[in-house]
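Enquirer: Here's the letter readout for the chains.
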Amino acid sequence: MAELAIYENITENEKRYLVFGVKNEKFAFDISNVNNIVQMEKIRPVPCAPKCYKGVINLRGEIIPVMSLHTKFNLGDDNITPNSKIIILNVDEDKQVGVIVDNVKEVLTISEDEIEKPSPFLKKEESNVTGVSKVKDSLISIIEVNSIM
Amino acid sequence: MDTNQLMVLGEQTGTYQALIVSISNELFAIPLSTILSIENVAVSELSQVDNDDVIYLRGKVIPLVYLDRVFNMEPSPKKENLSVVVCMYNHSYFGFVVDSLNGQKEIETKSLGVLDDNDFFTGASILDDEVALILNIPSFVTEEVRNG
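Those protein sequences? They're chains A and B, same order as listed.
So the first sequence is numbered by my numbering: it starts at -18 and just counts up by one.
So the second sequence is numbered by my numbering: it starts at 91 and just counts up by one.
Treat the hints with caution; some may be incorrect.
Claimed, not checked - If we take Cβ atoms under 8 Å as the criterion, some of the chain A residues that face chain B in the derived model are:
hint: 1; residue: R25
hint: 2; residue: V27
hint: 3; residue: I45
hint: 4; residue: P99
Stated by the list, open to error - Distance condition first, Cα-Cα at most 25 Å in a straight line; then the derived DMTMM-like pairs of lysine to aspartate or glutamate:
hint: 5; chain 1: A; residue 1: K23; chain 2: B; residue 2: E198
hint: 6; chain 1: B; residue 1: K200; chain 2: A; residue 2: E87
hint: 7; chain 1: A; residue 1: K32; chain 2: B; residue 2: E164
hint: 8; chain 1: A; residue 1: K23; chain 2: B; residue 2: D140
Hints are computed from structural coordinates only; laboratory data are not their basis.
Cβ coordinates follow ideal geometry from the N, Cα and C atoms, glycine included.
If we strip away everything but chain A, and leave its shape as in the complex, we get (with noise of 0.2 Å):
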């Protein structure tokens, strides 16, 4: 996996967001709570937790939640393939929470001006999109980390 490197922001409305698929759809989070990407692993199911959590992995001596977006936002089962991965975040100061995605794209630099509200007719009623941007022709949904929590 090729280093994040942190910059200072470019300008003041700019942020960097880390750019993944889930069923043909692009997602991003803030890299400021990506913490690391790691691959696929065993993960081991803990009963009677949220249905989106699949289980919790072993990380190098650290206990890591892992939820399925597939699971979160209703899209069927996951489809794990070798590009599959975890991305672990950081939530609450000091835990941890791995997503599973079905690929990680890229690093991508994003201003204010670029995101536009997510339209209130396509709108869900638990909607985790906080806001869309269209970048290089294709549309990329972004996610605050809290609201999947």
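Given chain A's structure and the hints, the job is docking chain B onto it.
Expert: Quick look at chain B alone, frame taken from chain A:
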């Protein structure tokens, strides 16, 4: 029964002894301080009280807990003999039916992070390469645990 056992509620700090068991190919850890005995019981010796399987042990009726059913896991293979780990909490007795016993280990509780509000587990333990979930023994008494 000698009751000089230190009953620790909730999370334990530091390392402690636990019995590692396997149910439906998943590992679980049971703190040794909660275990009274390990019994091998023939299925033909089981009795039923209120439709729940029980065993008679030294004058006590001990209900059996089938974790593969409680946790909606793959059903354990049917056998003629059951391995039962008899536990006690607050004068309540019950027996966990397990597929196999994987020895006794010194373990440390690792938090489940955002999943640590789970009633049934106090945390997890990393054994070699596998993760064992540590059973929260009191939760099996305070909840109405119904099998099947």
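Enquirer: Against each hint, give a clear statement of whether it holds in the structure.
Expert: Against the structure, the hints:
1. R25: holds, 4 Å
2. V27: holds, 6 Å
3. I45: Status holds, d = 7 Å.
4. P99: violated, 26 Å
5. A:K23 x B:E198: This hinted pair holds, its Cα atoms lying about 21 Å apart.
6. B:K200 x A:E87: violated, 33 Å
7. A:K32 x B:E164: With Cα atoms ~17 Å apart, K32 of chain A and E164 of chain B stay inside 25 Å; holds.
8. A:K23 x B:D140: Roughly 40 Å between the alpha carbons, so the hint for K23 of chain A and D140 of chain B is violated.
When each numbered hint is compared with the structure, violations occur for hints 4, 6 and 8.
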